[in-house]
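Participant: As a plain string of letters, each chain reads:
There are 4 protein chains.
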Amino acid sequence: MIKVGIVGGTGYTGVELLRLLARHPGVRISAITSRSEAGRPVTDLFPNLRGCLDLSFSGPDVKRLGDCDLVFFATPNGTAMQMVPELLETGARVVDLAADFRLGDPDEWAQWYGMPHACPELLDEAVYGLAELNRGLIRNARLVANPGCYPTAVTLGFLPLLETGLVDRWHLIADAKSGVSGAGRKASVGALMGECGESFKAYAAPGHRHLPEIRQTLSRIAGKSVGLTFVPHLVPMIRGIHATLYAGLAEEAGDLQGLFESRYRSEPFVDVLPPGAHPETRSVRGANQCRIAVHRPQGEDTAVVLSVIDNLVKGAAGQAVQNMNLMFGLEETAGLDAIALLP
Amino acid sequence: MIKVGIVGGTGYTGVELLRLLARHPGVRISAITSRSEAGRPVTDLFPNLRGCLDLSFSGPDVKRLGDCDLVFFATPNGTAMQMVPELLETGARVVDLAADFRLGDPDEWAQWYGMPHACPELLDEAVYGLAELNRGLIRNARLVANPGCYPTAVTLGFLPLLETGLVDRWHLIADAKSGVSGAGRKASVGALMGECGESFKAYAAPGHRHLPEIRQTLSRIAGKSVGLTFVPHLVPMIRGIHATLYAGLAEEAGDLQGLFESRYRSEPFVDVLPPGAHPETRSVRGANQCRIAVHRPQGEDTAVVLSVIDNLVKGAAGQAVQNMNLMFGLEETAGLDAIALLP
Amino acid sequence: MIKVGIVGGTGYTGVELLRLLARHPGVRISAITSRSEAGRPVTDLFPNLRGCLDLSFSGPDVKRLGDCDLVFFATPNGTAMQMVPELLETGARVVDLAADFRLGDPDEWAQWYGMPHACPELLDEAVYGLAELNRGLIRNARLVANPGCYPTAVTLGFLPLLETGLVDRWHLIADAKSGVSGAGRKASVGALMGECGESFKAYAAPGHRHLPEIRQTLSRIAGKSVGLTFVPHLVPMIRGIHATLYAGLAEEAGDLQGLFESRYRSEPFVDVLPPGAHPETRSVRGANQCRIAVHRPQGEDTAVVLSVIDNLVKGAAGQAVQNMNLMFGLEETAGLDAIALLP
Amino acid sequence: MIKVGIVGGTGYTGVELLRLLARHPGVRISAITSRSEAGRPVTDLFPNLRGCLDLSFSGPDVKRLGDCDLVFFATPNGTAMQMVPELLETGARVVDLAADFRLGDPDEWAQWYGMPHACPELLDEAVYGLAELNRGLIRNARLVANPGCYPTAVTLGFLPLLETGLVDRWHLIADAKSGVSGAGRKASVGALMGECGESFKAYAAPGHRHLPEIRQTLSRIAGKSVGLTFVPHLVPMIRGIHATLYAGLAEEAGDLQGLFESRYRSEPFVDVLPPGAHPETRSVRGANQCRIAVHRPQGEDTAVVLSVIDNLVKGAAGQAVQNMNLMFGLEETAGLDAIALLP
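In the order they appear, the protein sequences are chains P, C, R and Z. The numbering used here puts the first sequence at residues 3 to 345. The numbering used here puts the second sequence at residues 3 to 345. The numbering used here puts the third sequence at residues 3 to 345. The numbering used here puts the fourth sequence at residues 3 to 345.
Take the hints with a grain of salt, since some may be wrong.
Identical chains share a label here; the pair holds if one copy fits it or two copies do between them.
[As the list claims (entries may be wrong)] Within a straight-line C-alpha distance of at most 25 Å, the following computed SDA-like cross-link-like pairs (lysine to any residue) qualify:
#: 1; residue 1: K5; residue 2: E333
#: 2; residue 1: K5; residue 2: S58
#: 3; residue 1: K65; residue 2: D170
#: 4; residue 1: K188; residue 2: S268
#: 5; residue 1: K188; residue 2: A279
#: 6; residue 1: K226; residue 2: L251
#: 7; residue 1: K226; residue 2: E91
#: 8; residue 1: K5; residue 2: R95
#: 9; residue 1: K65; residue 2: R222
#: 10; residue 1: K226; residue 2: P299
#: 11; residue 1: K65; residue 2: G93
#: 12; residue 1: K188; residue 2: A206
#: 13; residue 1: K188; residue 2: L47
#: 14; residue 1: K188; residue 2: G61
#: 15; residue 1: K5; residue 2: G331
#: 16; residue 1: K5; residue 2: S32
#: 17; residue 1: K5; residue 2: G61
#: 18; residue 1: K5; residue 2: R222
#: 19; residue 1: K5; residue 2: M117
These are computed hints drawn from the structure, not numbers from a lab.
Kindly generate the complete structure, drawing on both the sequences and the hints.
Facilitator: Right, here's the structure in full:
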């Protein structure tokens, strides 16, 4: 049994990790920390776990965490980088679900996250935890940067097109839509149901923090710089991300459906839908899946890719467990076989 | 492995049965029937099952179904009673998720369901499938009438009070609220999101079909007639039932919390919350659980019981699987350990 | 033109007042105050008002407010009572949409609101602003206590039954359901869409602040004490309250439908639906209406009343405007003729 | 007073027309027809209109309708074209809210709507009822084709860019999102709340009927052919359309904000938001408004326009009333000054 710890367990990513890990056959949850809730049973906050998890929050203590084989950080941006260096020295391995280790360039990180990076020396070592791209590296990583939710949906959608160089890489467009759980579980006026229920809007059109992350990954895939317009939107639902991707096609672009199917044939968590399909976010609710459809409307020179994930699962906690499975030599799908809840 | 068949698999109860059974360790799904969708892969209708279930709908054929150890009916009211007598003769056992075998009195059935009963001779044999009440009988039953969703939530809430005779049994009030999936997956104007989204209403106040079912069970529990006012309401959400129950307390009524806790201590699927709590429907979303809290507001002589279930799980498919587990000597909780999806 | 001021204009009650007053034919909005947003255009916060209202928030200044004919308080509980005495001396009249002047007994107020009352000497003068009960008094009032949202829906539903003494007044039950805007527009975890979307729950079953308010009004109507169990619930929608009321009927109770129709025949804002109907909250969305249906299920001795309002209109801002119209001799319906938005 | 008739009043467009016209100062509703509901009071179907409209549905009778000054068709596609020729001969003028007269080319119409056009001779005469484009023509039109909901939001967003020729007109992208009321009020599985609640999806990516309509209008504006990729999506909310538009900018493109502001300065129903803003659909809920923001993310060569309307108001009934006002020489804003309902 792998001994795991979770730092920052009071948010949506935290409770989702608990839901997955409490039923994982190869894991024992050893500690879950929260400064503000230390001492309180986890089920007080999350009654869905009653009867399934007998654990209380504890204060964040590197010694206790260092006892774990693996520590997940489900903390706000900027927290993990304060503790990770010390923690790695204890021999524990780390999956950070926040953004601290996602960007390779500490200056770019500082610019987008508004603070200097606390341990830039680890950025090179950190592996970007998208198994469909970096499976081999993840297996041996000490430190995995779990991808953002938007970046997961967008990257998996563009991946086959960019790998093959079939698209105009300078004018990629990602029109992405997220449920409100993406904003987290902290009190804020903007995330009140009275504010975001029964309404739809774009936000951060001038520049969202996931833009440099996506651009970095797409550039690595393409092997050269890409140009990307990324506009996120807020959907009045709780879970789910839908990315609608547009790319100009090169003349030699042929069978897009075949391209996607062959790229993802052996991926356990990417499902290419049949031609003409439109994935719904509910088809992945609660499941560690990305479902993708590819279209070429009216036979014109624009490809349209539709990509859906559950932002809290394949976009966060599920992907983190997938990474853990790889890091510890478990079956990649262990603990991740739940079927999406529909309706 | 138990061989099971499902009759009528295109509704919400059907897809939920499939979700649970596809991951059940002791079951093989042998047939799923639908007259209208015969020949079509199940995953065409329910893409959440892609990769988890490789089965197509077939026409309803008693011979093929008779080959099963157990047949679930997830059909509209009035369908099961047409096939069950012939099916039982083949040796298959049956769990009917519709209402055909819930009422003991065929005349009362005919009055509420608007058609004569097709096999009244089976009503005595049929066991009302509420394990918390009839566990022993269910184990040996050939034919189980799976309780309705409202009746499950209401009965489990009133049960300890009526068993002990602590309440005025003539003026029980059940104010119940259901998500829209309770209305099923058939096209209707009333269940359009444009009609029932962002709105709340009562319906069937003069008399709902679950009234006689609840009254019958409560009377059996009390050992004598009861008087019940039952008002269902429609909530703009998909899953979940919340029953708010009111009962006048006898003078000798004492520690209600203790009463509930001791009654349900060994029940795997009923969870009595601590004093002062208010269960949320989301705390049981996707899970075979009933969570209950009991209050005595202002110390007055009225008990208030709050009882929540997922109408599609403990209120339908999950309870059916629980009954199957009992009927076939499996662990009662087999295949039913999923944790509720929150948020 | 009546000159009005609004204190505390950044919440849902405030923006709703602005929506109604900006189109009111007899009103000029002279000031809208907010300590935190002083100097900011109102339309920054509420873009629905763009082009309809050219006003900025100002600091709360008694002198400027005293210049108004009428001041609305749309502030948290405990704020109005600090300013009202001084304001009344300037000659301005006041409608308080919070709870400061709703209870006649300052000790009871202190007990439920957790602070001593700042001007108990005004409690006797304050008129409870339910026009259907106190129309005459409101016309001449200097200080009107606008009723709470739950109390409005519950009181209008019980009123005809209690006035005529046809019910067991010791065991009244009010099972009430509210949309989330009732919780206001301040940041809180509990009102996040991630917390209250797609879920349903009761809250404050042991005792909600609206309990003493409702009990006080019902007792005044009945002319003697009443016993009331009041359980509020949170509905995953934005606007609307649905009260389901239960009362034991006296033997002589006859034609309930006729009773309700005759009581409310001349009320412009109470609509008694035909027999057998079930009002939907959306039928009053955005409108200053209460729609009511009365049932006697199965002909038994329990009356069931269904009463719906928009909590922000007839339950708050609309009722406040109705009171203003009465206080200033305008047509009672002036500015309140909008039709509910359906769907 | 203008005498108006409405053909097909049982859908969402119909009830919205009634809501607007019942409060319009210059209109008398003379007839509202429905084959299926003839004889039934309108308020039976739409209780929000109780007390505001005393009218029953009647059968569709050209003679009675011919008595009207103006007839609105709120019927399914293909109905208006059967009655309009005869109706125009009576002297009545017509606004068709369906698609029958929107495309200039009868062959293209037949291809997209799956039936031959019944009166192609009227297509040239019909005026496309987008006042911001065709105000003068509308004033004198006998027959107005009210624009589709998506086309309204998309066209108003692209209009300033295309008029000035500042964008790559061959690769326009419109990623559009609509609430479910856009699917109408007829029974269908896909529009059940159980199907489209808490989920998000694209649909009709290969080609939606609004594609040729938008392309036709954009081409007229540009004065030459355009290339457009249009992907509609379904949002789990009732009202509202959000169009996110992408266009490659020509090098000489300068101050986009100024361009939009000057183009729409005198338009009563188009509101250009300040730089950096993101319009929410709720800011136009129930109002005849289009709110627009224009962005140029990261200063790159892609313009992003965000455009929101209420699909039932500026996207249907409200725009129809706006057209009526123009046709009959009324104030263009008459009856259309309601403020959006927020929250």
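Participant: Now look at each hint and say whether the structure bears it out.
Facilitator: Verification of the supplied hints:
1. K5 to E333: Within one copy, since 17 Å is at most 25 Å while 28 Å is not.
2. K5 to S58: For K5 and S58, the Cα distance is within 25 Å only inside one copy (16 Å; across copies 42 Å).
3. K65 to D170: Neither. Shortest intra-copy (50 Å) and inter-copy (58 Å) distances fail the 25 Å Cα cut-off.
4. K188 to S268: Answer is neither: 38 Å inside a copy and 37 Å across each miss the 25 Å cutoff.
5. K188 to A279: between (36 Å within a copy, 22 Å between copies)
6. K226 to L251: both (17 Å within a copy, 23 Å between copies)
7. K226 to E91: Result: close neither inside a copy nor across copies, 35 Å intra and 66 Å inter.
8. K5 to R95: Classified as within; 11 Å inside a copy, 44 Å across copies.
9. K65 to R222: Classified as neither: same-chain Cα gap 37 Å, cross-chain 59 Å, threshold 25 Å.
10. K226 to P299: Classified as between; 21 Å across copies, 27 Å inside a copy.
11. K65 to G93: within (11 Å within a copy, 62 Å between copies)
12. K188 to A206: both (19 Å within a copy, 23 Å between copies)
13. K188 to L47: Close inside one copy (13 Å) and across copies (21 Å); limit 25 Å.
14. K188 to G61: For K188 and G61, the Cα distance is within 25 Å only inside one copy (19 Å; across copies 29 Å).
15. K5 to G331: within (14 Å within a copy, 34 Å between copies)
16. K5 to S32: So K5 and S32 pass the 25 Å test inside one copy only (6 Å; across, 39 Å).
17. K5 to G61: Cα proximity of K5 and G61: one copy only (18 Å, versus 50 Å across).
18. K5 to R222: Answer is neither: 34 Å inside a copy and 50 Å across each miss the 25 Å cutoff.
19. K5 to M117: Answer is neither: 32 Å inside a copy and 50 Å across each miss the 25 Å cutoff.
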